[in-house]
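Mapping to our numbering: the sequence shown position 180 is 180, numbers consecutive.
Treat the hints with care, as some may be off.
[What the hints assert, rightly or not] For lysine to aspartate or glutamate, the following EDC-like pairs were computed, each having C-alpha atoms within a straight-line distance of at most 20 Å:
1) Lys172 to Glu5
2) Lys95 to Glu70
3) Lys88 to Glu72
4) Lys88 to Glu70
5) Lys155 to Glu170
6) Lys22 to Glu196
7) Lys46 to Asp139
8) Lys2 to Asp108
9) Lys172 to Asp206
10) Lys95 to Asp108
11) Lys155 to Asp171
None of these hints come from the bench; they were simulated from the model.
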Amino acid sequence: MKLSEKYASVLHLLESNYPDAKTELNYNDPYQLVVAVLLSAQCTDKRVNMVTPKFFQRFPDFFVLSNASESEIKTLISSVTYPNSKSKHLSLLAKEIVLRFNGEIINDRDLLETLPGIGRKTANVIVSVLFNSPFIAVDTHVFRVSRRLGLSNSKTVIGVEEDLEKNIPEDKRAIAHHWLILHGRYVCTARNPKCESCILLNFCTDYHIRSRADFHKSSSSRRTKTASD
């Protein structure tokens, strides 16, 4: 099967299975999304969603947040991963956005990456979710699923991102990010993936490689047993 055919089939099945895919982070405006995405780094969306209601009540926008101390911020995010660095980044980020962009989020990935705490993945999430920009954020789920399926053989996040954006139509990229995340989060999990119920099983390179390896191992064991008999 050609790679273009695999992409077309995989995207069709993902779209059919996750028709209403979207971020599982709770937010009501661009400010809240940016804060939630930054907090979600190496942390579950569920945990972030538990923290943000009180956080947004105390700090409703970048202007208020820019005047908060790191210790004030840390108090409200202490249960997420890396609260020290995240409180520092949020404090600096708020000040920069107020100073440079008058408290508004801009649709410019490159400029967003110059802000404290915002790397390429976070910038991609922000512009794709808020502005439907044709970028794919590669988190751990997207990276794992893409490589297992054989959509990319790259060993780097940037390489996987480039492969996905090269082969996924622009109008599908923003939503494809969510399809891949949800599939990785609930089916193609890091440990004990649910291969038996996976809609993409026929297109999964990793599964077929493992199946062939198991077959050869089983055949070798039977030949060894027969010889010993």
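(request) Go through the numbered hints given earlier and state which of them the structure violates, listing their numbers in rising order. (result) Hints 5, 6, 8, 9, 11 are the ones this structure does not satisfy, whereas the remaining hints hold.
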